[in-house]
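Residue numbers (the working numbering), protein chains in the order written: chain Y, 20 to 302; chain E, 1409 to 1743.
Keep in mind that the hints were calculated from the coordinates and are not lab data.
Glycine included, every Cβ here is placed at the ideal spot set by N, Cα and C.
Be a bit skeptical, because a hint or two may be false.
Output of the computed footprint for chain E on chain Y, the stretches with three or more beta carbons under 8 Å from beta carbons of chain E [to be verified]:
id, region
1, 41 to 55
2, 126 to 136
3, 174 to 186
4, 277 to 289
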Amino acid sequence: MKTLRDLFRDYRFCFSFGVLVIILTLAFLSFFSPYDPTLWNAVPRDMKPSVEHWLGTDSNGQDIFWVATFAVRNSLIISLIAALISRVIAILVGMVAGYKGGSTDRVLMFISDSLLVIPLFLIMVMLAMMVREYMNLVVLGVMLAVFGWAWDARTIRSIILSLREREFTQTAVLSGTGTVKLVWNEYMPFATPFVFSTLINNMSWAIGLEITLAFLGLVDLNIPTLGTMLNWAITYQAILLGRWWWVLTPVILALLLFIALYWLSVSISEYLDPRTRIQRVGA
Amino acid sequence: MNFVKQYLIPRLIQYVLVIWLGITVVFLIPRITPNDPVMSMIGMMRARGSTLEPGAMDGIIRDLTEMYGLEGSWLDQYWAFWGRLFRGDFGVSFFQFPTSVNQLIATALPWTLGLLLTTLLISWISGNIIGGLAGYYSRKGWSRTLDVFAMVIRPLPYYIFAFTLLLLFAWVVRWFPITGGASMGAIPTFTWAYIKDVLWHAALPALSLTILGWAVNFQIMKLIVQNVNAESFVQYAKMGGVTEDRIVGKYVIRNAMLPQITGLALSLGQIFSGALITEIVFGYPGLGMLLYNSIVRADYNMIMGITLLSIVGISTAILIVDLTYPLFDPRVRYT
């Protein structure tokens, strides 16, 4: 309880909390949608926002509010798949590289350094073009996960490197603790807060890339996500025709989501770092 | 000699290895994915309504297989792939046949380089200086205001930020053109009118890239300076009566600059990708737009050409940035 109270002293945490509650409610509402998101012409086309259709309707004949609920849900699903799988890779690579050292370390760090340096966006465009016909939420999530672990693996490695030199490591090794158990039981707790904060950042990264790839038409446009919603709006020249409600819905949702996720991760990691916590709480 | 041995040679080896890995990945992608580029190409031709006789079809399949370098075993293909790369031969573009990929890239590249280098330089320098000052005077009001501004901008992906600026400044208030690198039909000349036109078109994409880059540099620099501030040499200088301006400019920012050079090198790939995306949003006629058109038309050769060139280009740029590091850090130079 005290933790939560301290966190709520930060205006950034309050904002993020509020936005995320709204976004999650939207995602949850999608289960009660009166319309099927794959069905076109369910409602009259191009209507302005009204009592009946809160955010208006689009040129595909769909209710924008209810499409948005599906879009938010699917974007979150993609980002969760990407972030969770890439966390697993990052933890494995970081821990193995940090604990084993030597040539294993060098090879693993070479791969992760290369991933940081190569313009990944282009590689992902090529890959997405090749698997276009098989593209769905899971494929996209896994694809993003394969490329999204490099930086965090590096940081986890450095955490492990510093832990390895501590006394308790030697005590554990001498008293016969196995490597896997040592790393998992003794090192993991130190890395967990960091992993959690990067999980949020990685989700944000994945949502951003999904929107970008959707804008290029490289994902399945029939599955509503924040990116595909925007893609349809642009395809139908919604800006030119002045259908602001159609364009602004995904843009504003995306803006709020990105800021909320980032602020959440910043305020949590500042809270976890005792130096900045003292500065802020003043106690 | 120690510098060469401990710094230069390992760095060069890494450079070659990164390029090798990147290019090998590009080689593998079309071969390990379930899609057959030759068949999807033929599918596209059919979809366009061109009917082909069976004999002609076999010929086209053979030609396409050869063009994509898909003949023989993987090992043969791999060697041929490198051979083509060293000759700088990326084939021809399918949809602007028979213009070569090289030629199209050469037309687009100056636009991208101009935009990217200008914005990179402005955002890096201004982000570091303002971030450094904001870190040193972190309790002042303006420092906090800038901090909140950076906090809002920082998490936005290039695409969403560029699109938001486009909506705001080209649609809501119509200060800037919506698309293009210069007005329709303008002839490239060295006149003030043309240069003004180009700058006016570049303003919004440049602004978008600069602000995003600035926010990142500002935040990181502010954090580093806040940490350097706590170090004893700063306290000592203060007690010794060195003026504040001198402490910030000569000692604090200079020290904090070093990790920022490494940071610049590490983020170049991302910044480049961001520039491509921004170009697409604003219809700016550089590599990004070329990429977009090739994606829409499934011009596979073109995309591969852009990707390969970018891998080599970015790695080289990073190498150059890394090699300038000793110029800024005397410790590397003399050991």
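Practice prompt. If any of the earlier hints don't hold here, list their numbers in rising order.
Written response: Of the numbered hints, 1, 3 do not hold.
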